[in-house]
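> What follows is the residue order along each chain.
There are 2 protein chains.
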Amino acid sequence: MTRSQLISQIKQKRSFLCVGLDTDINKIPEFLKTYPDPIFEFNKRIIDATADLCIAYKPNAAFYESHGVKGLQSLISTWKYIPKNILSIIDAKRGDIGNTSDMYARAFFDEAASGMGFDAITVTPYMGNDSVTPYLKYDGKWIIILALTSSAGSKDFQYIETPDGHLYETVIKKANTWAGDDRIMYVVGATKSTEFTGIRKYAPDNFLLVPGVGAQGGSLQEVCQYGITKDCGLIVNSSRGIIYADNTENFAEAAREEAKKLQQQMEEELVKAGVI
Amino acid sequence: MTRSQLISQIKQKRSFLCVGLDTDINKIPEFLKTYPDPIFEFNKRIIDATADLCIAYKPNAAFYESHGVKGLQSLISTWKYIPKNILSIIDAKRGDIGNTSDMYARAFFDEAASGMGFDAITVTPYMGNDSVTPYLKYDGKWIIILALTSSAGSKDFQYIETPDGHLYETVIKKANTWAGDDRIMYVVGATKSTEFTGIRKYAPDNFLLVPGVGAQGGSLQEVCQYGITKDCGLIVNSSRGIIYADNTENFAEAAREEAKKLQQQMEEELVKAGVI
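These protein sequences, in sequence, are chains A and B. Here our numbering is used: the first residue of the first sequence is 1, the next is one more, and so on. Here our numbering is used: the first residue of the second sequence is 1001, the next is one more, and so on.
These are calculated hints, taken from the structure and not from any lab test. These numbers come from a predicted model, not from an experiment. The C-beta atom is built at its ideal place from N, Cα and C for all residues, glycine as well. Hints may be right or wrong, so weigh each one.
[Unchecked claim] List time: in silico DSSO-like cross-link candidates among lysine-lysine, alpha-carbon distance up to 30 Å:
1. A:K155 with B:K1155
2. A:K70 with B:K1141
3. B:K1033 with A:K80
4. A:K137 with A:K84
5. B:K1174 with A:K173
6. B:K1173 with A:K155
7. B:K1141 with A:K155
8. A:K174 with B:K1173
9. B:K1155 with B:K1173
10. B:K1141 with B:K1173
[Said to hold, decoys possible] Here's a subset of chain A near chain B, in silico, CB distances under 10 Å, partners left out:
11. R94
12. T100
13. G115
14. S131
15. S151
16. V171
17. K174
Isolated chain A (complex conformation) (with noise of 0.2 Å):
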């Protein structure tokens, strides 16, 4: 999916939500247990409720990868559900060097080679550029580079002194001499969103993939305040207050109307920035 395809989708729907697919077993509702593949089958009618109120999914490759052999069967079967108008992002985290980042490549890229066709993958810096630049091989592929994580270990390395700054800001001006903001996005936890004006000094265009919203604390406002830019410029996802809304039968429906508070709070942020 290019950058223009990505802002006309936000301006279409007027969202700019992603839904983290981070599906645990332990987690979904007890009917649907009894179906060949359950976490499909939740995924399946989570999507279904949520498909016109987001512009991404992002199943998170290790609740798959848990599994084993049929958790990969459900994570493909679910990239495959997933509208292709529509963000898929495999939220797997992957850094190697390039031989091996190529095979990464072809495990969430390349359709013909492992059954599944991602548009986008997470990964992680620390190995530097030749980790990075197989995936950029893809035409029309993004890669979303760790930068400030939510996470309370965020603080041990990334907001390390270096002489060019914080190491995450390190990262975004290093990275942004790879590639253009037309393939790489950066991921930025929203409990940190003062932050975001330092971040944008640095990518002032690129996409920002932001988690933490909801379940981890951050706030939609806040993030917008200091994060939007006149194209968007994030995408904000949320995956437990979503999709564990409910655990009933009912649980679909339960995770639309959450889905639909946060794209109506992101239309209100898309018009007060003059998006749309």
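Model the placement of chain B on the given structure of chain A, informed by the hints.
Frame of chain A; chain B shown alone:
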């Protein structure tokens, strides 16, 4: 596998060799392609040919993931086939927030959940403490944290100057506060052998997993000169140099010869350092 079991393997086999199973369908001998699972068939024969010469096997997750479900089945079969007295390392370089790392731990450590129960996993440090500690809930399992890698991109961030030394030194100092040298190893590329002196200041007794000997140009003698300890403290990996030594029907024997050469050099180093 405990630290003392690992050391006793090293002394018994007079080797600290890890065979990297970066098995690429395009590089294995043609005749194997008629087997139902050519990748597993290749690995099986490599394992049969080298098990008495090495103390660890390290499949690289990406190479298996690139084939989707079929690849994961090859990986599971490979893990099952690795003799239980040899350290099994999954080279997965995972890293995510706590609840997600919990899932990755299940994916690679919990046989009942995923079909695999590796002894050790490589992890990336960027997200800090909570991205790493979930793996430590599994008794007797190891995490192997990326410190200094042998790729060109390692210069981008790992050498950044921080108030505590280079970033890779800061990573080691910090991670050593999370667990002891009976649970944490570090990845240190063989092409940086002079840096081993500095690393041993902060990680005097941790085992170091050392890729980059052979195809990537590192020297075993230099690695030992700067990195060996009284307990050995090194696991030196070779992948391509061993497994692709030949691509005819003779490949397993050729792999054995290459492994044997390394084992003999290692034996010399172990004697020289007084480990055996």
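> Looking back at the numbered hints, which does the structure fail to meet, lowest number first?
Nothing - there is no hint that the structure violates, so all of them hold.
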